[in-house]
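Put together the whole structure using the sequences plus the hints.
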Amino acid sequence: MADLFEPEPERNPPDENWAGYEVYRRVREALFALPTYFKSDTSIEGILATDIFTLNAAFGATIEDQVVATLNQMREVWDPDEEYTFYRFVRQPQTFPDVLLKRDANEDGSLNEEILLGIELKSWYLLAKEGEPSFRFQVTPDACANQDLIVVIPWALNNVISGYPKIFAPYVELARYAAEYRNYHWQYIRKTSSRTEIIIAESVSPYPQKSDKISDKPVYDGGNNFGRFARTGIMDRYLEIAKKESLCGIGAEHWLSFFKIFQEQKDEESINAELNRLRTLVTGANRETDQQLTDALEKIVSGIDDLLYQRQT
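Numbering (this note's numbering), first residue to last: 1 to 313.
With beta-carbon atoms standing in for the labels, derived distance ranges:
| hint | residue 1 | residue 2 | range |
| --- | --- | --- | --- |
| 1 | Q73 | K244 | 25 to 31 Å |
| 2 | E240 | K191 | 19 to 25 Å |
| 3 | E197 | E10 | 19 to 25 Å |
| 4 | F86 | E29 | 17 to 23 Å |
| 5 | A57 | E240 | 20 to 26 Å |
| 6 | K244 | R195 | 36 to 42 Å |
| 7 | Q73 | R277 | 39 to 45 Å |
| 8 | N158 | G131 | 16 to 22 Å |
| 9 | Y21 | S193 | 41 to 47 Å |
| 10 | Y37 | G223 | 38 to 44 Å |
| 11 | H185 | D104 | 36 to 42 Å |
Straight line, CA to CA, 20 Å or less: simulated DMTMM-like cross-link-like pairs of lysine to aspartate or glutamate:
| hint | residue 1 | residue 2 |
| --- | --- | --- |
| 12 | K210 | D142 |
| 13 | K102 | D79 |
| 14 | K129 | D51 |
| 15 | K166 | D41 |
| 16 | K260 | D51 |
| 17 | K166 | E64 |
| 18 | K166 | D65 |
| 19 | K102 | E114 |
| 20 | K191 | E180 |
| 21 | K191 | D221 |
| 22 | K260 | E240 |
| 23 | K210 | D98 |
| 24 | K191 | E6 |
| 25 | K260 | E130 |
In case anyone wonders, no lab produced these hints; they're calculated from the structure.
The beta carbon of each residue, even a glycine, is placed where N, CA and C say it ideally should be.
Right, here's the structure in full:
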């Protein structure tokens, strides 16, 4: 067993004297403003009840692409003085970090791939069956620059089972701290009688090549759980808040409970009881006008009726 008195890692953000600090600070502000700016041209209709939990697998990458496009459209937020005209956010899937804020060229057109910061971007469908983000984060701390971030973007359809993707306030954390905390949790916090040592990736530096070996590996991982980011507890407080996000007047956690009952093929009585509970939640919601309440109820009831019809056919 590891030494129980190892100090917990601390956050180490970039130095305020770093030349890129102001753009780093503004990028963080832009990330939290994303829900206001985000617009998607992806419309999803006719989802089968059995597919409700699988939307992130089908559309997660599309959401991430659209988030990157939105960040580039938000230049006035993160570069109000136009000091970084030649920089843009670029997505590089399957490479860490999968989004870079980089310069592609100099004013004279010559190549210049200077990187300001990186973002490991993960979408999280709020109604995913697990009830938490399921991605793995195994990158070694030395692959993360102090200004690099890990960002989780929760999303859902604006009409719950149809419509356009809508995103909510993201989870934003320093990537290096997240990697250090993951290792700390594995070695010193989680309860286990198994070996807790970790083999740390060597000769690693920020912005590695795709072929570089940058993942830390546990000596023993019988449950294949190393790197399951949400299970480290690092984002527990955030998850509590995110699950209460309102979808058509009802918290996401209540929708998730309903769809789990539906997915588990419960009898019609159980489904209708849960549906009535949802109706009660909407009726008790604070709304400015009766018309708003009527519209919300209409969307919910018609959508649930469609799901029940799918289940019967």
